[in-house]
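Residue numbers (numbering that gives the first Met the number 0), protein chains in the order written: chain A, 0 to 320; chain B, 0 to 123; chain C, 0 to 546.
To be clear, the hints were calculated from the coordinates, so they are not data collected in a lab.
Possibly wrong hints are sitting among the right ones.
[What the hints assert, rightly or not] Below, computed lysine to aspartate or glutamate pairings styled on DMTMM-like, alpha-carbon distance capped at 25 Å:
no. : chain 1 : residue 1 : chain 2 : residue 2
1   : A       : Lys233    : B       : Glu75
2   : A       : Lys121    : C       : Asp516
3   : A       : Lys41     : A       : Glu92
4   : C       : Lys206    : C       : Asp247
5   : A       : Lys279    : C       : Asp508
6   : A       : Lys303    : B       : Asp67
7   : B       : Lys43     : C       : Glu154
8   : A       : Lys249    : B       : Glu75
9   : B       : Lys69     : A       : Asp219
10  : A       : Lys35     : B       : Asp15
11  : A       : Lys233    : B       : Glu35
12  : A       : Lys43     : C       : Asp247
13  : A       : Lys121    : C       : Asp508
Just so you know, these numbers come straight off a predicted model, no measurement behind them.
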Amino acid sequence: MGGKVTCTLGEVKQRADFIIYWGGNPAECHPRHFTKYTLMQKSKFLPKGRKDRTMVLVDIRETKSVKASDIFLQVRPGKDFELITILRALVKEQHVTDAQIAETGITREVLDDLVARMKAAKFGCMFFGMGLSMTRGKHMNSAALLTLAAEMNAFTKFVAMPMRGHGNVTGADVIMRWQTGFPFGISFNRGYPRYNPGEFSTVDVLVRGDCDAAFIIGADPGGTMPQPAIDHLKRIPTIVLDPHITHTSKLARVHITTAAQGIAAPGTAYRMDEIPMPLKPALKSPYPSDEEVVRRINEAIAKKPFWIPEGSMPQMLTEQV
Amino acid sequence: MSATAAKTETPLQVIDNATCTFCGCVCDDIQLHHDEMRIHKAKKACVLGTAWFLNHTAEKKYPAALIDGKEATVDEAIEETARLLHEADMPLIYGMSNTTCEAQKECAAMADSLGGLLDSHTSL
Amino acid sequence: MLRITGGKVYDPANKIDGQIKDLHIDSDGRLCEPTSEGRSIDATGMIVMPGGVDVHTHVAGGAINFARAMTPEDHRRTQAFIRTKTRRSGLGGMAPTTFATGYLYAGMGWTTVNEAAVPVLSARHTHEELADIPIVDKSTLTLMANNEIMLDQMEAGEYERARDVVAWYIWAAKSYGVKAVNPGGVAAWKWGGDARQLSSPIEGYDKITPGTIVTQLARICDDLGLPHPMHLHCNDLGAPGNIKTTLDTLKHLEGSRAHIAHSQYHAYGGDGWESICSATAQLAEYFNTHPNITTDAGAVLFGDTVTITADGPWQHLLYKLTGRKWGNLDVENETGCGIVPYTYRPSNLVNAVQWACGLELLLLIQNPWQVFLSTDHPNGGCFWRYPEIIKLLMSRDFREECIKKLPSNIKNKIVLPEIDREYTLSDVATSMSAGPARALGLKQKGNLGVGCDADIVIYEQEDDPGEMFAHPRYVIKGGEVIIEDGEIREAPDGREYIARPFYDPATNDFMRPLFEDCYTMAFDNYPVEMERVHGASIHECKPGDAS
Ligand code: SF4
Ligand SMILES: [Zn+2]
Chain A
0 MGGKVTCTLG EVKQRADFII YWGGNPAECH PRHFTKYTLM QKSKFLPKGR
50 KDRTMVLVDI RETKSVKASD IFLQVRPGKD FELITILRAL VKEQHVTDAQ
100 IAETGITREV LDDLVARMKA AKFGCMFFGM GLSMTRGKHM NSAALLTLAA
150 EMNAFTKFVA MPMRGHGNVT GADVIMRWQT GFPFGISFNR GYPRYNPGEF
200 STVDVLVRGD CDAAFIIGAD PGGTMPQPAI DHLKRIPTIV LDPHITHTSK
250 LARVHITTAA QGIAAPGTAY RMDEIPMPLK PALKSPYPSD EEVVRRINEA
300 IAKKPFWIPE GSMPQMLTEQ V
Chain B
0 MSATAAKTET PLQVIDNATC TFCGCVCDDI QLHHDEMRIH KAKKACVLGT
50 AWFLNHTAEK KYPAALIDGK EATVDEAIEE TARLLHEADM PLIYGMSNTT
100 CEAQKECAAM ADSLGGLLDS HTSL
Chain C
0 MLRITGGKVY DPANKIDGQI KDLHIDSDGR LCEPTSEGRS IDATGMIVMP
50 GGVDVHTHVA GGAINFARAM TPEDHRRTQA FIRTKTRRSG LGGMAPTTFA
100 TGYLYAGMGW TTVNEAAVPV LSARHTHEEL ADIPIVDKST LTLMANNEIM
150 LDQMEAGEYE RARDVVAWYI WAAKSYGVKA VNPGGVAAWK WGGDARQLSS
200 PIEGYDKITP GTIVTQLARI CDDLGLPHPM HLHCNDLGAP GNIKTTLDTL
250 KHLEGSRAHI AHSQYHAYGG DGWESICSAT AQLAEYFNTH PNITTDAGAV
300 LFGDTVTITA DGPWQHLLYK LTGRKWGNLD VENETGCGIV PYTYRPSNLV
350 NAVQWACGLE LLLLIQNPWQ VFLSTDHPNG GCFWRYPEII KLLMSRDFRE
400 ECIKKLPSNI KNKIVLPEID REYTLSDVAT SMSAGPARAL GLKQKGNLGV
450 GCDADIVIYE QEDDPGEMFA HPRYVIKGGE VIIEDGEIRE APDGREYIAR
500 PFYDPATNDF MRPLFEDCYT MAFDNYPVEM ERVHGASIHE CKPGDAS
């Protein structure tokens, strides 16, 4: 069970007559999402545009996005997983007790109506934001929502997609997957990629003091991470590449100023639906691009002695202890 | 900002279908009006995108590089970075949100060659 | 500069069948007239063949990368390629990482691969991934049969327009040819439907049927002079009794060239999962009487894999049948794809029939120039298991041993036990290299004649063909020794083949408004820039070239 049923944003633009935003505030965080991709667009299948579509917003608080919605469901904080599970049950006409429903802060009538609308849709799409994927039980929440979308396909066409933010974080995810098999949280310390989010993810590594140098690019952990993590960055040699002097630059041993991507540096960035977009920089920066600097660092490293003895052969992981 | 200063000079250059990387929408229909030093207008961009485009300039606002807080050349900083990373037993390469795929690929190559850790914002 | 001396050469393109022959390679990495310069490899007693060519595989792009994301548990138990000073690390397994893909293909002597399914919208992504697959040369096919802009032209009876649109897309994607998947069916799937009948109009249209799409698209490929004919994944994949649909499709192709992808999945009789049986004899008979079409087996091997195809409806069915994870990705205007992890078991009657069907087609189609080795990687099994298939083809005894492990009620469902044929080394060389190279229109591949690319694999002769083909002694790519004594020595970048078909320059203006209607990307940003294709080698198409 599980998996991920998704599409590109153009499919939503063309076909989605039923759209759910769960745990996000697109009006303020992805301001053109409604107009460019989802609600406002007309298409040959939805000639009346906004009038042909229904939008449901699920969130723990009222945000500016409520105004754009047809139906707003205010879920109790921390009850997303329960609500998704109840929806999965209701979709399959399984019994759910009143007490279980009451816990979520939403009434049975509202949920019955929602399920009826979901099933009546020709093409449903669920977008889930940080509010869902970054709170208690984050991975469970997204997995449950993806499963709900997959299961809806027994009744009608349904897809789901994460609302990714943070610049080109999708690109990092996509590239790490093709080069290493994993999207993040990777260690190469045995000479090949291994994945263990709890163990190899940055906050855990820094808090435990498990790394003895840090190379930071396109992020400012010095301004966002918990204090013990920042303290460790101060202790070890930290190197920062950024167009600005950041919080992290101030505690770093080395800072190199680089050109901002898409403004003064060319290249590619991935959209949240994993479509690569070419960048068209307008300005000529006095600074080199990230790409150039990291490549030159790699060249400098390549001139130094290598840490694995020559002649190491491919191995089967199952043979390892 | 100082849009008025540019008015007296040559007309602005226009770039069609530029791409905004500020959020995951990655809108690629932005029309940028610029004078090579700064972008004065980002047509079709939202408030966030406009701020993103207008706040970055081609001015030399910061030193090219800093080593231990002192100004340094890029060459020196690259050498020092290579030395520090190579000396480390377990270097961490982290971030990669606000950068290009081309740079991200170089970062993955770096972690691979150093036998280090590689992680993005997603793990947060 | 390199010489390979004393080996038994199998070079079907030049009708060389095991004769002892020296090969000479010039400094451009091509085979040349005898020279006495450079290194010499003594291949006495060894077997020399052109490097393998995979006509149909899925190794780069959104779909396989989606599969990588869905199979982290497989990455933990697979083959790991350890980093060296010059070579990147990687993981093998069901959906290998890009670097490992290159090492694994080259490691068993394959030097050219054709990525068979690329949506134009994410073609940039595919090219970036291909650039990270070292050693092998590559080509890609663009998914066309469910492209709504093209379908609209066909519906309106505008054949020439449809042809220009196809050519425009091929060049925008910087691809090598056209792949048609479940024509009309994927477009219908976007509303949760499918197209299983060749003669009824597809959903959303009044006139065009899967049959008319197939006929017109095959003609378009020929008229544009594409080096590779239409590459067709027929409707009704994987369904019991689909042989009717497949034969019906083939009839729509008379007079055109075509390549039928993974025909194993399209050669079933019966009318349900209980009564499913092999119908390969009928299909093979068609191929045996129609030399204008080629196919690849799409053979199935028992074990774990992950299935990925642009056939969304089939994947949804598989998900329902297995209850395993399901990934699906619909791409605006163009296509879709589905991903489901899957285990083929010898004890499962349907899987047993599938296993037999793949081998039957490889054995029953008489001319090895028409049927090629493939598993539709990773769908029927992973590409790095090809040597197992070669062993099954070369050894009737080994086949018999394997058949014993199948359920007893398989008896009247398959014909494999009655087939005596065993592949010769020349058959193997044709099916793994010379044949697919010719079908792809790659004249410099799969051929050890003077002027061709020096992509060569050298095997130590062994009794067990499975062992022999899994561990070549040397692999030479473009004149460079890549594998020596089973170790990777070099991992140079490969080339990418792209085709440039002609289209009316006005097509751009015609496309723009249609494009803006359904896409979410700027029209001018959509075509892949030439600089993004690494090591590009352009084939200029001449209409009428195809024959
Ligand atoms: S213009 Fe606005 S919505 Fe579009 S990518 Fe930039 S910040 Fe996001
Ligand atoms: Zn395929």
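Exercise. Looking back at the numbered hints, which does the structure fail to meet, lowest number first?
Worked result: 3, 7, 11, 12, 13
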